[in-house]
Each structure stands twice: as C-alpha cells, then as structure tokens.
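If you're matching them up, the sequences are chains A, B, C, D, E and F in order.
Under this note's numbering, read the first sequence as residues 1 to 456, first letter to last.
Under this note's numbering, read the second sequence as residues 1 to 456, first letter to last.
Under this note's numbering, read the third sequence as residues 1 to 456, first letter to last.
Under this note's numbering, read the fourth sequence as residues 1 to 112, first letter to last.
Under this note's numbering, read the fifth sequence as residues 1 to 112, first letter to last.
Under this note's numbering, read the sixth sequence as residues 1 to 112, first letter to last.
Treat the hints with care, since some could be wrong.
Below, in silico cross-link-like pairs of lysine-lysine (BS3-like), each with a Cα-Cα straight-line distance of 30 Å or less [to be verified]:
1) K312(C) <-> K361(C)
2) K312(A) <-> K40(E)
3) K361(B) <-> K420(B)
4) K420(B) <-> K171(B)
5) K312(C) <-> K40(D)
6) K72(D) <-> K72(F)
7) K312(A) <-> K361(A)
8) K420(C) <-> K171(C)
9) K420(B) <-> K420(A)
10) K312(A) <-> K312(C)
11) K40(F) <-> K312(B)
12) K171(B) <-> K312(C)
13) K312(A) <-> K420(C)
No lab work stands behind these hints, which were simulated from the structure alone.
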Amino acid sequence: MNEIRSKIGLGIAAVTVLAVTVAPGYAQEAAAPAAAVAVDKTAATAANVDYVFNTLLFLMTGFLVMWMAAGFAMLEAGLVRTKNVAMQCTKNIALYSVAGMMFWLVGYNMMYPGDDWIVADTIGKFLPVTMPDPGSDVANGYSTGSDWFFQMVFCATTASIVSGTLAERIKLWPFLIFVVVLTGLIYPIQGSWEWGAGWLDDMGFSDFAGSTLVHSTGGWAALAGALLLGARAGKYGPDGAVNPMPGSSMPLATLGTFILWLGWFGFNGGSQLALGSLENASAVSKIFVNTNMAAAAGVIVAMVMTQVIYGKVDLTMALNGALAGLVSITAEPLAPAIWQSVIIGGIGGVIVVFTVPLLDKLRVDDVVGAIPVHLFAGIWGTLIVAWTNGDANVIVQATGVAAIGAFVFVSSFVVWAFLKFTIGLRPTLEEETDGLDKAEIGIEAYPEFGQGSQRI
Amino acid sequence: MNEIRSKIGLGIAAVTVLAVTVAPGYAQEAAAPAAAVAVDKTAATAANVDYVFNTLLFLMTGFLVMWMAAGFAMLEAGLVRTKNVAMQCTKNIALYSVAGMMFWLVGYNMMYPGDDWIVADTIGKFLPVTMPDPGSDVANGYSTGSDWFFQMVFCATTASIVSGTLAERIKLWPFLIFVVVLTGLIYPIQGSWEWGAGWLDDMGFSDFAGSTLVHSTGGWAALAGALLLGARAGKYGPDGAVNPMPGSSMPLATLGTFILWLGWFGFNGGSQLALGSLENASAVSKIFVNTNMAAAAGVIVAMVMTQVIYGKVDLTMALNGALAGLVSITAEPLAPAIWQSVIIGGIGGVIVVFTVPLLDKLRVDDVVGAIPVHLFAGIWGTLIVAWTNGDANVIVQATGVAAIGAFVFVSSFVVWAFLKFTIGLRPTLEEETDGLDKAEIGIEAYPEFGQGSQRI
Amino acid sequence: MNEIRSKIGLGIAAVTVLAVTVAPGYAQEAAAPAAAVAVDKTAATAANVDYVFNTLLFLMTGFLVMWMAAGFAMLEAGLVRTKNVAMQCTKNIALYSVAGMMFWLVGYNMMYPGDDWIVADTIGKFLPVTMPDPGSDVANGYSTGSDWFFQMVFCATTASIVSGTLAERIKLWPFLIFVVVLTGLIYPIQGSWEWGAGWLDDMGFSDFAGSTLVHSTGGWAALAGALLLGARAGKYGPDGAVNPMPGSSMPLATLGTFILWLGWFGFNGGSQLALGSLENASAVSKIFVNTNMAAAAGVIVAMVMTQVIYGKVDLTMALNGALAGLVSITAEPLAPAIWQSVIIGGIGGVIVVFTVPLLDKLRVDDVVGAIPVHLFAGIWGTLIVAWTNGDANVIVQATGVAAIGAFVFVSSFVVWAFLKFTIGLRPTLEEETDGLDKAEIGIEAYPEFGQGSQRI
Amino acid sequence: MKLLTAIIKPFKLEEVRTALTDLGLEGMTVTEVKGYGRQKGHTEIYRGAEYAVSFLPKIKIEVVVPAAQADKALEVVQTAARTGQIGDGKIFISPIERTVRVRTGESDEAAL
Amino acid sequence: MKLLTAIIKPFKLEEVRTALTDLGLEGMTVTEVKGYGRQKGHTEIYRGAEYAVSFLPKIKIEVVVPAAQADKALEVVQTAARTGQIGDGKIFISPIERTVRVRTGESDEAAL
Amino acid sequence: MKLLTAIIKPFKLEEVRTALTDLGLEGMTVTEVKGYGRQKGHTEIYRGAEYAVSFLPKIKIEVVVPAAQADKALEVVQTAARTGQIGDGKIFISPIERTVRVRTGESDEAAL
Ligand SMILES: Nc1ncnc2c1ncn2[C@@H]1O[C@H](COP(=O)(O)OP(=O)(O)O)[C@@H](O)[C@H]1O
Ligand SMILES: Nc1ncnc2c1ncn2[C@@H]1O[C@H](COP(=O)(O)OP(=O)(O)O)[C@@H](O)[C@H]1O
Ligand SMILES: Nc1ncnc2c1ncn2[C@@H]1O[C@H](COP(=O)(O)OP(=O)(O)O)[C@@H](O)[C@H]1O
C-alpha cells in the first residue's frame, strides 16, 4: 500500500471549478500584505498553481545552486597544485555537508526569524528547522522545504568561497570548525539584516541575490583568514618577488567555471522568489539574460585585457572574469537593460585583471582569486545597483557594504585568531612542502606512479 | 509549415473558464481510485495543469537521474587504475545505452503490466513500449513518455552499480550481455512485485524510491558477479594480506559523487510521482531536504570515523559516505523529520566505514565500494522505513529485502555462471596486468607519453 | 524595501475565479492564428499558466543547452593533445561569451525579424535586442527573455562545433573573429529562412530542432575552415599515411559526451516551444524518449561496428556515435515511433564509423569528428524527416539542406579566406609543434613537472 | 662503486625492491620509462587509422652499490624481475667514480 | 658495450627509433625529461606575475650497443634528431661493463 | 667529461639550477623520479587497508661537465640541495667518453 509507481492507479479524481491564488511580483513588490488565505489545498490543483510554481522555482534553481558546490570543487582542484588536490576535494564536499547541517540546526531560523528576534532586527532566533507536514504547508506562497533548500545552498556557497582563498596551507579540521561558525552564525546573522527583514532592509538596502550577503561575506571571511594564515611557503620572495604557483589542471578549472556559470542562473533566477505569474516568469527570464551577459562581458574583457597587457590571454583570468561578471550582476540582475549588464559585468572583468596582481603586491595570498572575484566585484555590484534600480541609493548601498563587511571581517578575524592560537591553523612547513594530501588525507590525488606499477 | 520558432505566430487562442483536474498526493495515497476523466485536452490549458506539472516533474527529475550515469562513469573512472579508465568509461556509456534499449523492448511493460500479468502479480507482460499520440495521452495523470523516461533511468542506475564492483577484471561484452538480462528481465521482474503493484505491494512492502528495488538489486547482482569473477590479480596476498590499489584520480571520483548527489534529488524527488498540488509540491520539497541531510550526515560520519580510526580522513570513504547516506534515505525520504534523516544517513556512513574493510577480509573484491554503499545501506534504508513510516512494518520490509535479494542474487548468479562457463568472464592474466584499456579498448585513457612526443 | 527573501510577507493576496489562456500544440500546428489576448497579467496567476509553463520550458531547456558549452569544452579538451588543452578550454569559454554578445547585438532580431525584413524572407532586420518590462511582456505566449536565452544557446552550439574540427592548429583571435561573423550573421541569416518564417519555411522545409540549422551549419563552417587551414603538421604522411594523434584524456571526452547527451534533452525538448497543455507536455516527453533512444542506438551501433571491423571497441567512435545519433534525430524528434528513432540514430552511428576514416582519406583533418557527427549526420537526419513526418517532403528537405549548405559553406569560406590572407589563421610550425598552450595561452593545461617541484 | 640499472616490468617493482632490501641495499631510484626491444609494441586502430604503439611501459631502477656487491645485486634483481616472458627487461652495470651524500657530505661507499 | 644517451626534441622520437632499428639495434628505453641549455626556456605571466619556465620538454633515449657499433649509432641518431634549430639536444656515450637479459640470463652482447 | 647525477628533493630544483648556472654550466636534464633510501616512505591506509608508500618523489638532475669542473659542480650542487634533513639525496659521478651536439655535430667539451 505504498508507492505504486506509474501506470497504476494514478488517476484523475475530480473536475472542479477553479479558485486560484494570486501573488503580485514578489521581489519587486514585497511590501504586499501577506494575506494568508485558507484554500482547500488538496482538493483543487489549480487553486495552488502559484504555490506549485514558486516551489518548483526554488527546487529547480536550488539544485542548480547546489551544483555550484561541485563547481567550486573542480575550480579549486584545478587551481591548486597536484599535491593538494585531494585535500581540496575533501574540503569542498565536507563544507557543503557542514553548511547543510548548520543551516538546519541554527542558520535558517536565525536568518529568517519572522517577528522572533533575539535582538530586534539584528540577531534572529535560535531554533532548528522542522518541516511542516506537506499537506498543511500553507503559510507562505511556497513550500517551506523548498525555501530552506534554496537558502541553504546559498549558505554553502559562502563557505565555498573561503575554501579557495586559503587552499594549500590550512589544516582540514580548523577550516571545518570555521565553516561551522560561518554557516551557523556569521552568515545568517548578517543575512537577517537584509533578507530576514532586519535593519538594513528597513534602511532600503538592496541586494537582490547576494553580491554582498553571499559573495562579499565569503570574501571578507576569506580575507580575514588569509591575513592570519599568511601566504604559502615560497609564494613571496624576500626581495618583493612573487612566485606564481600554477594550478594542476586547466580543464578542471574550466569545468568548474562552467558549472558555476550554469549554477548562477539558479542563484540569480531563483532569487526572484516567485515564478507563478506573467510578471514573475518574465522577471526570471530577464534575470537569466542579464546574468549571462554580465558573465560573457567579464570573460571578454579579461581576455582582451590580458592579451593587451601581457601579450597572451590568461585562461585563469578569463575564468575569474566570468565569475567576477556574475558576482557583479548578482546584486541587481533584474533592473538593468542588457547593455547595462554588459557594462556591469565587464567592469567585473576589469576588477579581476587589476586586483589579482594587486593582492600579490600586498602579499595577500589568494590561491584561486576569490577575493577579487567575490569580495571586490561583490562590492562593485552592490554599489552600482543605484544606477539601474531607482529605489536604491548609493549611500545606503555603501552603508550596507560597510556594515556587513565590518561585521563579517571582524567576527571572522576573531574566530580565525581563536583557532590559530588554540589548535593552530597551519600544518608544519614539511607537511606543506610535501602537500596536504599526504599530510592530512593520506591519499594523493593521482596516486599512481608508473603506469601499472601498482601490484599487477 | 513546420516549426516557426519564437516570436512568430505563437498566440494565445482563447480565454475560457476553467475546469481543472485534481489528484491527491499520489505516493502517499496511491490507493485513490483511478478515475480517468475525459477532459478536453487541447482546448483548455488549465484543465491539464496537474498533468503538465506531473509530466514536468518526471522530465526534470528524469534528466537529473540520467545525469547520474555520468556520475557513475566519473566516480568509477576515478577509482580504477589508469590502465582501466577508458574501459570503465566505455562500459558506462554502453550500459546506459543498453538499459534504454532493453527497458523499451521488454522492461517497462514487464515492470508495469497493469492487469496484464504472465504470472499474476509476479511476472509481467512481454511487450515493447509504444508511445501514444501526444494529443491522446490521457490515461494517467501524466504523459506516458515522461514516465517511461523516468523509470528507464532508474533501470540504468541499477546496471551502473554492477559496473563499479566488477571493474578492472571483466571483459566488456560478457558484462554487457549481463546488463541485457539485468535491465530486460531481472530488474523489471522484481520491480513489478512492488512498483508494478505485484505481490510485495499487496503485502504492504514500502520502498519509496528504490533502496531495495534499485540499489540493493544492483548490489546483489554485483555481489553474485564478484563471487564468480574473483578478485583482481594481486589484490589479496597469500597470507591474508590486502593490497590496496588506489584509484587513478581523486578529483574525478569527487566530481562523480557530486553528480550523483545532484542526481539524487531527481531520484528521490521524482519518486513522489506528482507535483501539481500543494501537498505534492511540499512533499517533493521535503524529500529534497531529507535527501540532502542524509547525504551530508553520511559524509560527516565517514570523515569523523576515518579520522578517529585511521588518523587521517579517507576521501574515498567520505565520498562513499555521501552515497551511502543517499541510499539509506531512498526507501523513505518523505516521512522522516530532518533529525531522523540525519540519523538514517549517518548510519549509512557508519556502514561504509565498517563494511568496506569487512568485504576485503572476506576477499570479495569490490573496486568502488558499491556493495557497502548500495547493498548494505540499501538493506538498512529499507528496514528502517518502519521507524518513520507508520504504514510500514519491519517484518514485511525484511520479507521484501529477502525476497528481492534471493531472486536477484540467484538469477544473477545463474547468468554470471552461464557466461563464465561459455564465453568466459575474465581476460587473461596478461591482459589484466597490462590493463583492459589496451586489451579491449585499444586506447589508453591518457595515451600520451612525453608531452609532444606524438608526431609534431 | 527590496527583496525580503523567504518567510516574510510573501502572501497570497486574493482568490479569484479563473480565466485561462489556451494554446494548441505549437510546433505541430504553428499555423494557428496568433490571437493575442489582453489578459490582466498581474492580477490572476492562472490566467497566465500557459505563459509561465512555456517560459519555464525555455528557461529549463535553455540552461540544459547552455550546459552543452561545457560539454563541448570537455569533449574537445579530451580529444586534443595535452599541449593544446588549455587553448581549447579558452576557445570554448570565449566562443560561448562571444555568441551571447553577438546574438544580442545582431543575431536575434536578424533571425526572428517578424515582418521586418531587409530582404523579404531572406535577410532580417538589424537591431540589438532589448528586453520588455517584465510586467508588459504579453505579445507572445512566453517571455521574450526566455526565448532569447533559449535561441542564444543554440547559436553558441553552432560555434562550438567549429572549434572542435579546427583544434590544435588555429590561432585564437582569428578563430574568435570568425565566431563573431558566424554568430552575428551567418547563423542568424540562414536561421531566419526557416525558424524566422522565411522562404524555406514558406516552402515547407522542416527542421524541428536544428539538424541542419544548427548542426550542419556548424559542420559546413568547420569544413570550410578545415579546407583553408589544412591539416595539423604531421597528421598525413607523404605516402598517403594517416598518423593518428590520440587525444589527451578519455575520461574528459566521456564526460563531455554525457554532458552533451544531457543537454540534448533541452535542445530537442525545448524546441517544442510550449509546455502548457496536455498535448505539448506529452510531445516534450515523447521527444525526450526519442532523443534518448537515437543516442543509445548510435552508441551501440558504433561499438558493435568497431568491434567487428577493427577487433576492438573504439571508445571515441562510441562517443561520436552517441552524438551522431542525437544529431540525426534532431530534425524530427517528435514524429517517429521509438523503433524509428532507433533506426535513425543507429544509422547516425554507421555514418560516424564510415566517414571518420573517409575524411582522413580525403585529408580533411577534423580533430574531434565534428564533420561526421554534425554535418553528415545532420544531413541524414534532415532528409529522413520525410519518413516519419507526413508533412515533410524529401525534395524540399534536400533543397533546404543544399541551400543552407551552399550559403554557409560559401560565406564561411569567404570569411576564413579573408582571415587567412590578412591576419593569418595558423601559428608557425614551431608554435604548433610546441603546442598552442605555450604559444598563445602562456600556461600549459597541466603545468606541473615533478610533483612538488614548484617552489615549496 | 657500480651503478646497476634495471629495466623491468612495472608490476615487478615491489618484488625487486624487497629483494634488494633483503640484500642490505637501502637506496634506489626509480623512473617511469617506456621501452622497446624484442617485445615490439603493437598496432592499434584509433578512429579507423592504424598506428604503432612502439613503446611499452617499463620501470627503470637505478641503484648504486659497492663494487663488491654488484654481482650479488645483479643476481637478485634478475631473479626477482623474471617472469620468463618476453619483455622481462635488461640489467646494465656501469662504473661510478664518486658518490656523495648531500645531507652529510659523506663520500663513496659511506654515502650509499 | 656503450650506453648511448640522446636528449632530443620529443617529436623526433619516431624518426630516431626508426633510424636505430634500421641499424639493427632492436632495443631502447625512453624517458620523458625536461631540459635546459642554450635554449633557455622563457618567461610566462601567470595571473599577472612573471615566472620563468626554465625547462623545456625533451625525450631521453638510452640504448646500449656493442662498442663497435657506438659510432655508427651516434651518427644515425644525430642525423635523425637534427632540425638545425637550437635545442636539438645532445648525445653522450658512456661505458657499460656488463649487461644481462633478465628473461634468459644471457650476458653482455648476447643480451642486447 | 663527467656525468654528474644528483637525486634531490623536488623543491630544491630551482636553487640547484641557479647554482649550476652561476658556475657557467648552461645545460642540464631533469627527470621526475621516485626514491627510496634511509628516508623510508611511510604507511598509508586506503579504504581500511594498510599499504606502504615506499617511494618518495625526487628530482634527478643530470649534467655533463668537463672533467676539470666536476668537483666544483659537485660542491655547488651539494650546497644548494642541502636541507640537513634525511632524504636530501645523493650525487654520483660517472665517466662520459664522448659528447656530441646534435645541431652542429660539435664534439666533447665544445658540445657542452
Ligand atoms: N639495447 C638496449 N638498450 C637500452 N634498453 C634496452 C635495450 N634492449 C632492451 N632494452 C629495454 O629492455 C626492455 C625489455 O627488452 P626486450 O628485448 O623487449 O625483452 P627481452 O630482453 O626479454 O627479450 C625494453 O622494453 C627496453 O626498455
Ligand atoms: N651539459 C649538459 N648535461 C646534460 N644535458 C644537457 C647538457 N647540455 C644540454 N643538455 C640537454 O640538451 C638539451 C638541448 O641543449 P641546448 O643547449 O638547448 O641545445 P643545443 O645543443 O642545440 O645548443 C637541453 O635541453 C638539455 O636537456
Ligand atoms: N644506493 C642508491 N642508489 C641510487 N639512488 C639512491 C641510493 N641511495 C639513495 N638514493 C636516492 O637518494 C634519495 C635520498 O636518499 P636517503 O637515503 O633517503 O637520504 P640521505 O642520503 O639523506 O640519508 C633516495 O630517495 C634515492 O632516490
């Protein structure tokens, strides 16, 4: 009496005249009064069409964003040296798992406390998530589970960003402890200020899909870590020299970037938060277009610039350019006209080409370029919202950037410092030299030597 | 007079008052009478909203499950040694193709015979599938094609599982012949007992998305093959020694695992079999959440345990842990609360960490850990259904596990034995030593020696 | 006052009696009069159900086709030699970016000019695309943005095809300039003849998803390039000898093929152009099934044939076989019965096995087999439409193939020749020998030598 | 001192290593090589065209030994590496004039 | 016997192999190496910072020949490997005192 | 002429190369190898079973030098490659009878 899959007994039970739910374009007009209506949720399908569409949007775009976890894993595996590749794979699958755990135990309700704040509009409530019974999930215009899933993968993204910057020189477990705090407290607290209808939202701050809330947050946490952790051994010479350490695999880095690009349609498109009306469906579509164009512009600008400045195209900069374009448009992927998206994303590419070497000059060792891509382009994207979105104000935007930046940087710094002076962050020099795969994972990424030299 | 794509002539033809189809939450209440209603299927869109949603669910989750074929290919390519990687790629794309062919020719109608059994409730009818005309596909609450596609990719998954266990020492064509029998007969026959409304379903057995029907089935078939095939040459020393043979590429194995994780949202989510109501959309959402949490728990448990027991995290165990978590929750991803999913999946991780070495002790050579992941965690997941699903009964669950296990193991054993004593299963020792890529495929996975040593 | 994500204020505002939009199965009955109806697009969700479904189809299948860009990148990275892998990655991410840019600036409106032709039914209008305001996007039965996105990724696919054939011996920037012309002019002009309701469409030519418009077009452009560019140094010996140059990575090639197979469900399924009715949803489902079966048949045929002819299975031919099966069914994935799809796709596999060596005999150097797969199977697929689609006529089909072939080949030839005699297409022999990664990209695909030999 | 260079089948590496260690020789260097000899490689077909895979994977072991132990070392390597099949490999002995241990600067036999 | 070691450009491998085979020398071992010489490598820029790619890919061929054939072998390798461009490589000749065929135990020239 | 063969820790390659260049030696060939010596490798656990990773990654540098410069070269390599830790490696010196530059046919010291 359980599942009878397909063909058997899946019938159409009734024909009814239809009552339908209506929701005006959410993201744009979120001030619309929340008039929960008691519709008969099992009797009439169409009565819940909007609900189903919105839920479907969260699920579909949610799995696209989940897929970004694989994108970060591949990008980072490609950009670290062979001896640290297995470690990077381990960190990425672990952080995605930890983020899910923490966002269930603490994060979600802290980020979206409703009216239930510990400190009003600043720190949300502290409560694990429980899923309502599927049949009685009528409180919002979508299923609670789909929303949790969609928001959780955003939280995981934030942690992925940190992983790349600190690669090749951080021990596994201290990193994962940081991820626990980041995904359980730091990310949801700052997130509640805006998406949880906290004080930044009250001020009129605008960050559609998270240039600041997700990307800069990851970037600030990474920057704090990079400062406390120091550069990889040998990266900077005593005489101001910068020693590049090319990554192990360009095709993996490229694959990772394509995965991220694909996932970003979910990241930005799903942030419309609703699909079930002409206006929302069109908005999601426009977001897809703008998202794509910003990324394309980022690639082209980075390619042309590296060709002109260095005489050759730098593939890793082109990949970073795509991501910087995507981060730049993330704060406002709906309002811009296409040509504006091209400019916004293109400037993301410019930022990458200039700030990657700049960080090296400052001796901040960012293995994969996450700080330029996520932090700098994230700030740019957030400020430029005021250009295309009439409701946004550049001062307010800057306030949001600064407030979240200060909070995330300081709190991350404290956590990193605590870890550094207790269990320690760095492996020994010898372990770092030998590679973290050997020291911490016990298997090399490509363990074979001599084709067939393993037993028979 | 054919396609005129976009912008041209795609109009809105009419506005009508709406009659709508209704279907109560299928999976949970599949006993609902199948009252096929003759709605005018071309005239009014909304009259078929439910139909469209359900069909869309099958297509979307179906392509996610199809993508799992790539996941298995990458996971296995990463976990076999370099000299067998091209072979593993070949086997995986071939088995997916063969599964589609057989599920069309025989499998689908044998698995879902409706009232048309050869042996009542035990062996279904024997008939290739034909697609109804799109305009007249009203028999069920979804399109026949979408359902076939969704069920077919499940069938292919079963075959993928076998491929991993038997890697590095089985000839290509005998393996594919086994896949023909597995996907054409063994899988659909046992599947009909439950999902085809056969005798196990009558008994009240419950397997939501296939911990037993898909995963254990693949596992039993793999186990039978492994016993008859024997271990890889050199894997077990004469003195009880186990000689690990680390795989070729950790990033490919990681990529494969992420692909499988992503695909599993389709695997479990689509098994709700319906989307077009508040209840169904919420159920699918809850399934996504539980699926994710079980996998996350599997990863974390496997990491912590290998760290504690062996002093280092074992990445391949963490990857297996994710998959074991997923398999564990597959029999019932809807009923559990989140914390229950975490426990169910976490115990999947425990199973992996303990049974991978156990199998080695028993000298059953399972290259990728498919038996612990799919068979052992599949049994666990099926039995534990009784904990969270009030309609399930642990005795009945055990009966289903045993019945399907016995049938699949014995029938697989017979087929493997037949192949072994006719055309033979194993390559010569020399071929195995040289690698199957050379012996059977004629190209190595990474054929270059010395960068640029190929002609110019 | 911006986004308030989740849980807050997303209410259900009203319950209304429903008026619904209706659209008969578009692709099949596109002659249906376009009666645009002024529905209140924000008030009632269900009034726009059809609109939302169609838009969703474009977005979902569009992101699947976008993902094919990664598939081409991985396939080509796997099939070129190590020394050209980074170049191939660069070309693929660049061409996808350029295609988006050009399809915005010129392509889309040139391809779908409505009534606004420069030369009637032959050359469309010249105008960048602007996105309508989301709330007022009612002209068609779907969102303009979603359609642009879906059509754009088709345009990018065309360029991807060219990239593979010409690999390992073409300079980056001349290639990208060709892509500018291909995606901005050549592709949209020929596309307008059929999908833009131009003269080929008037004649009754039928190409459902683009066997000719996309795949052969890419193939012809590649062939023109290959002829002007010449073969890779050393590929053909003076004595008629063919020197195979095996690719760098079979698992990457396999991954790429799986990605393309997955993407193809979007490619063909989305080309139904509508989802929101029983008939359309069923049609999309049937397309999924036929698409899958044609690919599976292509794999099996290529495997059996290479086994029989050469004594071993050729993995790269099996991968090409999948793609040739897919290309073959693309011109008509809806009309055939399953067994017909199997035959159509299987003959695609035959074409690959015979024409890959044939091209070598003709000394046309096609690195990845794109001409057999996309051009030859594309022609086959277009002609065979007449078998299964009663409205198609083989003479008309041949006319379309010839007209588009002549136009694309000649115009591409002119562009390639122009580039050849101005800035030049080929790197020096030394650069080619050293690999384009070194010459043009400045980083090797796998830059490390000696594990750990990079500074510390 | 003598340099003993052995080209062997890859899967024999572990046995050869053990044999040398049993002899008290506690240092060696191995390299992934490809070889060509009586065992000739083979022809493969790639995308319909034949090509010769001339070289087969082998492992090269280099071990520097005191002159007095060279014959013994050669013997144990030969025994350990032997399968009796074509392609088993070769052992070469050549003179080494000087050896230095990098870490300590010790010289010659003391450095081995 | 002599060991002839040739460092050559990778794409010349097939020609050198054929030339040696034509001479009746039916065994050799090749290794993937990187080299540095007059041909100096080059500077690349990675993510905005310069770095030297000091070593270029080369192939090392090792072939042990009867002393009498060493000069002839050297000559054909030089001819086959030559492009006239910088970086063509070097050939070294050094003494081999003993050779053993693992499979049969045959010694010295009989083992080649 | 002498062949100086140094087995060193991989990350010392750049220092050794610089040291040799400073000495005026402008050619060398490097190979990725694995080594075994006093520094013994270690045991790892893979999927619950122990296995020995016997060999550690090393780099082999081969440089042919005029006999007169051999001692000096050996000295600078030893200095540059030294960390003082176990596993620093070994340097071997062996005789080279003839050297030819492929490109020009120059012989012996002129060919270096
Ligand atoms: N003259 C040679 N110089 C250098 N290496 C050789 C020589 N002859 C054989 N080898 C190496 O020894 C390996 C085995 O030699 P082969 O002739 O195939 O086997 P066998 O010695 O058993 O007849 C070859 O693959 C090659 O690497
Ligand atoms: N003294 C040397 N010792 C060992 N290998 C050398 C030496 N000199 C050159 N080589 C090898 O020979 C290759 C070619 O040498 P190079 O000086 O660049 O070219 P050419 O001999 O044509 O002037 C180098 O890349 C290196 O591998
Ligand atoms: N007898 C030998 N023959 C060849 N190579 C050797 C020999 N002894 C050591 N090596 C090489 O030198 C490396 C370092 O030697 P090891 O004994 O570990 O360090 P140390 O010389 O500092 O005691 C080894 O990994 C191996 O590659």
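To see whether the hints hold, each was checked on the structure:
1. K312(C) <-> K361(C): Roughly 21 Å between the alpha carbons, so the hint for K312(C) and K361(C) holds.
2. K312(A) <-> K40(E): Roughly 19 Å between the alpha carbons, so the hint for K312(A) and K40(E) holds.
3. K361(B) <-> K420(B): The hint holds at about 24 Å.
4. K420(B) <-> K171(B): 11 Å, holds
5. K312(C) <-> K40(D): 20 Å, holds
6. K72(D) <-> K72(F): 34 Å, violated
7. K312(A) <-> K361(A): OK: K312(A) and K361(A) at ~21 Å, within 30 Å.
8. K420(C) <-> K171(C): 11 Å, holds
9. K420(B) <-> K420(A): Between K420(B) and K420(A) the Cα gap is close to 59 Å, so the pair fails against 30 Å, i.e. violated.
10. K312(A) <-> K312(C): 42 Å, violated
11. K40(F) <-> K312(B): Measuring from Cα to Cα gives roughly 20 Å; hence the hint holds.
12. K171(B) <-> K312(C): Holds - the C-alpha atoms of K312(C) and K171(B) are around 12 Å apart, at most 30 Å.
13. K312(A) <-> K420(C): 21 Å, holds
Checked against the numbered hints given earlier, this structure breaks hints 6, 9, 10; the rest are met.
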